[in-house]
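Participant: Sequence:
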Amino acid sequence: MTRLCGRAPRGDRCIAAVTPGLRKATTFVSGLRLSGMTAPMVLDGLMNGPAFLARVAQALAPMPSPGGAISW
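Here the sequence shown is numbered in this note's numbering, starting from 172 and rising by one per residue.
Honestly, the hints are just simulated from the structure, not real lab data. A few of these clues could be false.
Simulated restraints on C-beta separations [to be verified]:
#: 1; residue 1: 207; residue 2: 229; range: 28 to 34 Å
#: 2; residue 1: 197; residue 2: 177; range: 55 to 61 Å
#: 3; residue 1: 213; residue 2: 180; range: 41 to 47 Å
#: 4; residue 1: 197; residue 2: 229; range: 33 to 39 Å
#: 5; residue 1: 175; residue 2: 224; range: 41 to 47 Å
#: 6; residue 1: 238; residue 2: 187; range: 53 to 59 Å
#: 7; residue 1: 181; residue 2: 221; range: 28 to 34 Å
#: 8; residue 1: 227; residue 2: 197; range: 48 to 54 Å
Cβ atoms here follow ideal geometry from the backbone N, Cα and C, with glycine treated the same way.
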């Protein structure tokens with residue numbers, strides 16, 4: 172990643188190229204069981220509280236197997 176700030180000797184200009192607006196976050200979320208991964212999902216952007224609770228309610232909570240556990 173290119174730094175947003177730089178240093179230069181006194182009186183000289185700091186020259187660096189930064190492409191604006193191309194920073195993008197992608198979040199990968201999945202459940203993990205002894206048998207492997209379950210319910211994978213990729214989000215554009217960051218995971219926040221409401222997105223996490225919706226994910227648990229829609230994908231993870233309805234399908235616990237006997238002896239399974241859900242951790243927060």
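Participant: If any of the earlier hints don't hold here, list their numbers in rising order.
Facilitator: Hints 1, 2, 4, 5, 7 and 8 not satisfied by this model.
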